[in-house]
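Novice: Sequence:
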Amino acid sequence: MIDKLEAIKGRFDQVSLALTNPEIVRDNKQFSKLSKEYRQLEKIVKSYDSYMKVLDSIAFNKEVLESGDEEMRELAKEETEELAQQKIDLEESIRNLLIPKDPQDEKNAQLEIRGGTGGDEAAIFAGDLLRMYMRYFENKGWSFSVMNETPGSAGGFKEVVLEVTGDDVYGTLKFESGVHRVQRVPATETAGRVHTSAATVAVLPEAEEVDVDVRDADIKMDTFRSSGAGGQHVNKTESAVRLTHIPTGVVVECQEGRSQHSNRDIAMKMLRSRIYEAAVRKHEEAIASQRKSLVSTGDRSAKIRTYNYPQGRVTDHRIGMTVYNLDAFMNGDIQDMIQALQFAENAEKMKMGS
Numbered sequence: 001m002i003d004k005l006e007a008i009k010g011r012f013d014q015v016s017l018a019l020t021n022p023e024i025v026r027d028n029k030q031f032s033k034l035s036k037e038y039r040q041l042e043k044i045v046k047s048y049d050s051y052m053k054v055l056d057s058i059a060f061n062k063e064v065l066e067s068g069d070e071e072m073r074e075l076a077k078e079e080t081e082e083l084a085q086q087k088i089d090l091e092e093s094i095r096n097l098l099i100p101k102d103p104q105d106e107k108n109a110q111l112e113i114r115g116g117t118g119g120d121e122a123a124i125f126a127g128d129l130l131r132m133y134m135r136y137f138e139n140k141g142w143s144f145s146v147m148n149e150t151p152g153s154a155g156g157f158k159e160v161v162l163e164v165t166g167d168d169v170y171g172t173l174k175f176e177s178g179v180h181r182v183q184r185v186p187a188t189e190t191a192g193r194v195h196t197s198a199a200t201v202a203v204l205p206e207a208e209e210v211d212v213d214v215r216d217a218d219i220k221m222d223t224f225r226s227s228g229a230g231g232q233h234v235n236k237t238e239s240a241v242r243l244t245h246i247p248t249g250v251v252v253e254c255q256e257g258r259s260q261h262s263n264r265d266i267a268m269k270m271l272r273s274r275i276y277e278a279a280v281r282k283h284e285e286a287i288a289s290q291r292k293s294l295v296s297t298g299d300r301s302a303k304i305r306t307y308n309y310p311q312g313r314v315t316d317h318r319i320g321m322t323v324y325n326l327d328a329f330m331n332g333d334i335q336d337m338i339q340a341l342q343f344a345e346n347a348e349k350m351k352m353g354s
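Sequential numbering of the sequence shown, starting at 1, is according to the UniProt record's numbering.
Calculated from the structure, these hints are not laboratory results.
Everything numeric in this text was worked out from a predicted model, so none of it was measured.
By construction, the Cβ of each residue, glycine as well, lies at the ideal position given by its N, Cα and C atoms.
What you were told as hints is all true, and nothing was included just to trick you.
With a straight-line Cα cutoff of 27 angstroms, these simulated DSS-like cross-link-like pairs (lysine-lysine) come out: (1) Lys282 to Lys220; (2) Lys46 to Lys4; (3) Lys36 to Lys9; (4) Lys101 to Lys87; (5) Lys87 to Lys4.
Just the calculated beta-carbon pair ranges, DEER-fashion: (6) Thr117 to Thr190: 16 to 22 angstroms; (7) Val185 to Gly141: 34 to 40 angstroms; (8) Glu78 to Phe31: 44 to 50 angstroms; (9) Leu17 to Ala59: 27 to 33 angstroms; (10) Ser32 to Thr223: 30 to 36 angstroms.
Can you make the complete structure from the sequences, with help from the hints?
Specialist: Written out as structure tokens, the structure reads:
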């Protein structure tokens, strides 16, 4: 492990130096790529430095125990027990950091939320999930923008698509894909009975043009008039765009932009990500057939989480984790759950030796 860490430290020093090179600073793409690598390597190098300090302290204390006076030996003995635990913790942390990352994890993402079973209440819940994620993105310092939305008739959204940009967005959000179920008394219910409804979340890695070859000849474009709640975005011209990718049958719509041109650009981004995601999913399914993944099954119809309002709890069914802070959770306090899912996936990878 030490040899591997030494090599990583060497690469980190190279990247640090490269980032001071004026030519690289001027090249946005290259600078962004190296900055990302620097941030990833920095975590490992910091842990490695701490680990080496602990090893040096253990070696020093060993000498004291062999030749120091009685008082020094007593102090060294106490400290050695503490250092031994620090050594174990750092080794565990470094092992996790060295687990090969999925190359998709670094990508930005598109987040799609759709009201599922439950009519108006499902659309309202989709709106609640959107607010929860937006609060979380703000806490993370990520940027996001609405690519497309279809409001629900009683509030919330039948469908909403966001573009999210930041560090490791897809790797953080990918565990959110699946069916989110809510149990509560709907605002639309007069008898006060608890109803169950659901919303579907899909997280797609953002596709760059180099990832997906989408030919103009394979795309059919239709235009239609934008429609929005309360006259918002309503347009007398046919500025809304529907794109159909003929080979795969993938259809996307966009009416958020102010012109047909901007809607087509946004729709193309969505289309590329959908086609790219289908290819990624195929690849994931091939891997999943070899090892059944507990966490990211890639199955969008799988019920992954239940939000129970009467009991104030949220349960993630994949890892059996329940938290009793529903209000805070719905306000974007979801990091602990996401970390637990990442930890479960890492533990799985370590077990499989991948």
